[in-house]
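**Student:** Each protein sequence line maps, in turn, to chains A and B.
Position in the first sequence counted from 1, then plus 241, gives you this note's numbering.
Position in the second sequence counted from 1, then plus 2, gives you this note's numbering.
Bear in mind the hints are in silico, worked out from the structure with no lab data behind them.
Computed beta-carbon distance windows for the label pairs:
1) B:680 / A:558: 30 to 38 Å
2) A:560 / B:509: 18 to 26 Å
3) B:1012 / A:272: 51 to 59 Å
4) B:625 / A:280: 17 to 25 Å
5) B:693 / A:435: 39 to 47 Å
6) A:681 / B:680: 41 to 49 Å
7) B:786 / A:690: 36 to 44 Å
8) A:580 / B:932: 56 to 64 Å
Here chain B is said to cover these stretches of chain A; the calculated rule only asks that three of the stretch's residues, wherever they fall, bring their Cβ under 8 Å from a Cβ of chain B:
9) 274 to 281
10) 293 to 303
11) 349 to 359
12) 407 to 418
13) 556 to 570
All C-beta atoms in this analysis are idealised placements derived from N, C-alpha and C, irrespective of residue type, glycine included.
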Amino acid sequence: MTLLTKQSRLARSLVTLGTLLTTATLAGCGNIDVPNLNGASIEGLQTNPTPSAVNSAAQSLMATWRSTATGNSQTLTKYGFEIWQIRASNPPSLTQIVSFPQTGGFWSYGGIKNVGVLLNAVDQVAGMTDAQKEGVRGWAKTILAVQYEDMAQAHDTFGIVLDLPDDPLTDVPPIADKTAVWTRIFQLLDQADGHLANAGTSFSFTLGPGYAGFNTPTTFRQVNRALKARYQIVNKDFAAALATLGSGTFINTAPAGLTRAGLQRGPFHTFTTLTGDGTNGLSGTDYYINTRIRDDAQLKAPGGARDDRVALKSRSVTSFTFLGVTSNLKHADFFNTNLTTPTPLTNITSLPIIRNEELILLRAEAKLATGDASGAIADINLIRVNSGGLPAISDPYVADVTLKQPPTLLEELLYEKRMSLWGEIGTVWLDMRRYGMITSIPRYDPSFKLFDIFPIPQAECEVRGYTTRGCFSAGYNGI
Amino acid sequence: MKWRIVILTMAFVVASAIRANAQTRIVTGRVVDSLTNEPLSSGQVVLPGTTIRTLVKDDGTFTMVVPARDVTLTIRSIGFKRLDVTVPASQNAVQAALERDYFQLEAIVVTGQATGVERRNLANAVSTVTADQLVKTAVTSVDQALVGKLAGAQIYGNTAAPGGGMQVKVRSGFNSVLGNSMPLWIVDGVIVNNQEIGNGLNQVTRGGSQSCNASGAQCGAQDQTLNRVSDINPNDIENVEVLKGAAAAAIYGSKANNGVILVTTKRGRAGAPQFGLIQRLGVSSIQRRRGPYRNPASAAEAASLFGTKANDGLGNDDWAPTYYDHELEIFGNKPLSYETVGSVSGGTETTRYFASGLVKRDGGIQGRTFYDKQSVRLNVDQQVGSRLNFGISVNPVHTKRAPGLNNNDNFEVSMGMVLPVTPPWMDMRQQPDGSWPDNPYANSNPLETSAVVTAEEDVWRMINSARMDFTAVNSANHTLKIAATGGTDWYTFKGFVYSPVTSQFEPLDQFPGTVVDTRNIVGQLNVTGSLVHTFKPTNGSFSATTSVGASYETRNFNFTQVFSRNLTSGVANVSDAIDRTPAQTRSRVRDAGYYAQEEVLTLRDKLLLTAGIRADQSSTNSDASQLFFYPKFSGSYRFNLVRGWLDDIKVRAAYGQTGNQPQYGDKFNALGTGSYGGIATISTGATLIAPLHPERQAELEGGVDATVLGGRTNVEFTVYQRTISDLLINRSLIPSTGFGTARFNGATIRTRGLEAALTLVPVQSGSIQWQARTTFSRDGTRITSLPVPPYLAAGSYNRGAVRFVQDSSATDVWGNDTLPGCHAAWAAAVAAGGAGSCPIVQRKIGNLNPKFTMGFSNDLKWKSLAFSFLLNWQQGGMVSNLTMTDMDASQITYDYADPCTGGSCLPNETVGQQRYRLGRASLTKIYAQDATYLKLRQATLSLDLPKSITSRLWSGARFIRLSLSGNNLLMFTPYSGVDPEVQDRGSQNIRIGFDDIGPYPPARIFWFTVDLGF
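Generate coordinates for the entire structure from the input sequences, incorporating the hints supplied.
**Tutor:** If you want it as C-alpha cells, here you go:
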C-alpha cells in the first residue's frame, strides 16, 4: 500500500508542478505580439486618412509620373532606334530590344491603384478645405490620364485595362479597346481641369523644383491643357488640338519664348541622389546614342556646320562596338547651352515633361494637317532658326538637298520633332507609327526586328487565354 | 517569474527527498575493448534502480561504493555495447570487456526536448554523425563537414569563397516558398542563428538589392554570403543528430518543418587532464576554372570580338601579342592555410571540464581573400550530490573573412562579369609606377579591382548555454527529473567595403569612391523547462517515460548600413562623403511553446510506443495569441531472431506534425515611404496580405533497420510521405489589378521519398579494420492543391523558372523552348540561302530536384595506418549558367570556336555561335544545365606513430598521428560552369534563376596534420 501512496503523492506533485510551470509560462507569454519595426501602417491612408497622409500620397505621384517618363526616355527611344543600351557583360540589354518585344513594361497599374487610394482618401479626409481637395483631385486625375496615355501609346490597338477589379484575387478586368481608352483619357484630363479651376490659388501639397512656374492650380492647368493638345495630335484630332493649344497652354512664340531657355520652358521631372529618391538612369555608362542623329543632321550652309541640336543633345566619346553595333555618341546635358563644350548628362539631369518647343512643333503639325502649310512653315522656322541654328525653309516648301532637307514638308516637320524632342519621349517611334512610316526607321542591322506595338504581358494572357489579341503567344512577333 | 517558481519547486523537492543508507562495500573495476584489450578512456557504471553511478577514468578503471549484497552493474561506453556485470558479494574487483557497437545501436538518440532512447529502439530515421566521422580533415564549418554523410540531406556550397556559404536542405529540395527553408540548428540546447548577411559589396557591384528580405534571413544576398552556423568550431563537436521531418521533430513544433539539427559539443571526462593538439598546414589551388578563355587569332578577329577602342593596341601593324591568362592572374594563387586546435579535458567525478581553442586561416586562391576563425570553448559540468547536475558552456568566436568581388554585378566590376570583356592580349597588371592600365572594353580592370577594393566581414560572437538536471525522485520504480536548458546567441556582424576613388570604375557613376559600413546585431535567447517522469514496475514489464515542458524564445536583429559615395578626401570613412545613404531593418520574434510526451518501452525492450503533442504561439502569426497544435505518434518493434544470417531486425513507423512560421514582417501591410527631391512621399504597397498562420507539415514515415551477417552489416531503410498544407505563397496577381502579389496560406504540396543506409564491416580483426558506409536518398515533391492559377514561383522563363501548376512537380523547371525539328528546319532554310527562326514555346525543360544523391565513405585501418575517403554523387538537378551566356556573348568561351556538328548547325557555325544564336533566341535549355556531379570530397591517409617511437620522442605523449589529407579533390560533372552547387544569391527556397553568375571558383586543398595527444 505504501507503493500506492507513494505513487499518488508523486502523481499529485507532478500535476502540481506541471500546472505551476504551465501557468507561469502562460502568464509570462500571454502577449507576445511584436509591432512592425520597419514601416508605417496602411491604416493611416486607407481607413483614417489625415491631411498630411493625403498630401504625402499626392506628392508620391510625382515619382509615379517620373518613372512612367523614364520608361519613355529609356525604352521607347530604344524601340525607335534613337539610343542603344550596350553593355558587354549584359548582352540582353541590347538583344532583347531587337529580338523580342518587351512584354512586361508599359503595363503598370501600381500608380493607378495609388491614385485610386488617394482619390478615396481625399473624399474622407477631415481638415482640408474643399479647394484643397479639388487641387488634389485635379493633380491626381491629370496623372491618372498620363498613366493611361503611357500604356495606350505602347499598346495602341491591342488596348489596355481601364478599371481595376473589385476583387484582385478573382476578377479578371476586361481589356478596353483603343477608342474607349482615349475617351477615358480625355474625360480624366477635362475632369482634372475642372477640379483645378475650383482649387483656389495654391495646392495643399508641395511640388518639386521641376514644377517651378507650374505649381499652382492655375499654372498646372496649363500643363494639363498642353498634354491634352499632345494627345489630340496623337489621335490626329488636329483641329481640336489647334484649339486647345490656343487656349490655356503655355505656348509662347514671343521673343522670350524663342530663346534656348524659352524653348526649354515647361515642367520637368527632377532627380536627386537623396535616400528614397531616384536618379536619371540615362547617365548610366551603358547608354549610347544611335549616330543617326549626327549623320542625318541638316546643315547650316552647304558643306557647313550641323544642326545645333546635335551638339545640344549628344557628345562624342570613344567608339564602342558590341554585337555589330558601334557608337561613339552619348547623351549630353541639354541644359548646357554652350554647344562648343557639351557636358555629360548626369544622374541628376532633369527630364522634360512637355515644353514650349514641343508645343510650337505640335501647332505646326496641327496646322499642316489642317491645310495651313504656310502657318506650319512659319512655326517650323521658329524652331529651325532658334533651336537648330538652321536657315529658314522656303514657303512653299522646296527641299534644299545641299542642306540635307528631306523631300516633303511632313518629313521636314518630323525631322524637326526628331531633332528637338530626340531622346526625351520616344517621339521617333510614336510619330513614325502614327504616319504609317515606322518601317522606314533604319534598323542598323537588317536582322534586327522592329516592334511597332507592345504585346499584352504574358501574365495577362495566361488568365485570358493565349490567343487573346495582342498576346505574344497569339502570333505577334514584330515586323 | 516562471523560473523563480521552478527553483522554489526544486528546492521543495530536494528538501522532501529521502535518502536511504545501508551497509556498503567498495568495488573497483577495469573496462577494456574486447577486440584489442586496450583500456577504454571513458564510460559510465550504473547500479540500476539506484542513484549509484560513477564514471570510468581515462585509464579504464573505476571505483564505486555499492551495497554489500550481490549487485549487477551496467557498464556503458560510447561506441561500445552495454554490458551487465554481476559482482557477487564476495568479489570486489571486476574486469569488463566491452564489444564494439559498430552501428551505434546502443547510442542514445534524442526523442524529445529532454528524453532519448537507444538507437536500436528508435522509431525514426534519425541520422547521427559522430566526431570521428565529422572531422576527418580540416573543415571550416559543421554543415560543410556533414556533406555526403547523411541520407536525406541535400547540402549545397553556395559559394566557394573562403569560409564558404552552405545551404542544408533536409529530406526535400522543396519545403517552403515564403517561409524559412533552413533547418533549425540547436547547439547544446541553444537555438543558434544561421542568418546570411552581405558585407555591402552589392553597393559597388550593383548586383541587386542590398536590403534585407522580409525575414532578414538574408541581407544583401549576392555578396557571397556566409551562413552563420559556420562560426561554430567543428572540432568541438561530439556528435550531430538530424531530425529530418515532422515525424521525428514534432516536439520542436512550428519551427521544425525543415528538420532539426542537434549539435552536442564535447564534455569533460573524469581523470587526469588529457591534452590534444592538432596542427594542420594546407595549401590550396584552383580546382576547376572557367577558362582558359579563347584568344583571338588575329587583330581582325580581336576587333570583331571586342570592337575597336582608342587605346586597345589593335592598331599596330605587327600585331603578335603575348596573351595573358587574366583568370589565373586573379585566381591562380596557392595560399597557405593553417589550423591549430588545442583541447584539454579532465576533472573529477563531480567536476568535469572540456576546454578548446582554435586558430584558423583558410587562404583564398583569389588574392587578398581569406577566412579567419578564432574560437574558445569551455564546457564545465558539476555534480552536486547525487541528484543535481549543472552544465555550462561558454563559446566566444571571432571570424573574419574577405570573399573578394565575385557573383552578379551590373557595373562590370565583379571578376566573372568583367573577365570575358577584358582583352587577353593586353597586360592589365600594375605598372612599375604603381598605376593600373585601364580596360578599354569595360568599366574596370579586374586585376586592379581585385587589388584595391576591400570587402570584409568581421563577426564577434558569443554562444552560451546552461543546463540543469535535478533527479527529484529516484526509486526502484520511479524517477522524476527536472531539466532546464537554455542559452543565448549574440553576435555583431560588421561588414566593411571600401572602393577607393582611384580605380577605373569609381568615377564613372559621378560618385567617385565608395564606403559601405554594415552592422547587424543579433541576439537570441531560448529556455526550455521539462519534467521527465519514468515509471518502471518492479516486474520490469515496461517502462513509461512522461515528459511535459514549456519553452520560450526570442530572436532579434538590427541591420544597419551606411552607404557613402563621392569621397571628398578619399578616406575610408562613411562621414567623409558627399552622398550618404543610411538604411535599417529590424526584426523581433517571440515564440512560446508547451509540450507533453509519453514513451512506453515494453515487451522486454522490444516495443517502443510514443505519443506527444506540442502547442505553439508566435508573434509572426497574424494572431500572436493563437495556439497551434502539433501531435506525434510512433512505434517500433525489434525482433531479436539470431537465426541464420539475420541478427536483429526492427520495424518502425512514425507520424508527426510540425509547422513553419511566417517570416517576421510578412504579416504587415505597410505603407511605402520615399522622397522626391526631399519631399516626403507615401504609397501603398504592391502586396495584398491575408491573415497568416504557420504552414503545417504532416509526415508519415516507416522503415526497417536490420543487422545481418553476424553483426557485420547494418541496413537502414526508410520511406516517408510528407504533406505540407497551408503553404505560404505569394501568388502573382495580374498586373492590371494594381497589385503585384497576394500573400496567403494556400497551396498543399506532398513529398515522397526514400532513404537507405548500408554500413558494412567486411574485415574486423585486431590489426585490420574496414568499415564502409553508403547512403542513398531520393525524393519528389508534387503540388497537390493550388487554389490559384499557375504562376512563376521563382526565376524567369529566360533563365529557368519554377512554375506552380497543380498536380505537377513543385520543382519542374520551365523555360523557353522550341518545337522539335525546328532547329534543323532553321539550319536547312539558312543553308538554302533563306532565313530562319523558331517560335518560342514555354514549357518544362527539366527538374530542379536531383534524381538521387549518394554518399560513399570508407575507413580502412591496418595496424597504425588508416585511410579514408568520401565520395558524393548527385544525379540530376539544374543550374542556370549565366556566366557562360556572357562568355559566349564575348565569344571567348574555351570551346567557342569548335566546329558545330549535327543537323541543327548553320553553315560554318561554331558550337559557341550556335549556343549563342539559340540562347539569344531565348532557348533556356542552352544555359540551364544538368547539375549532376560526382565529387571526391575528401581523402585522408594517417599514421599513428608506434608507442616506441612516441615515447622516445616525448615520454608524455599518449599518441602522435601524422596525416595527409585533401578536400575537394576531384569533380566529375557534365556541367559547363565551375561548380554545379553555386548559388549567386545564397540560400534560396527555390534554387533557380540566378545561380551561376561569375562565382568564386572552387579550390582543392591538401593538408598535412600532426595530431598529438598528451
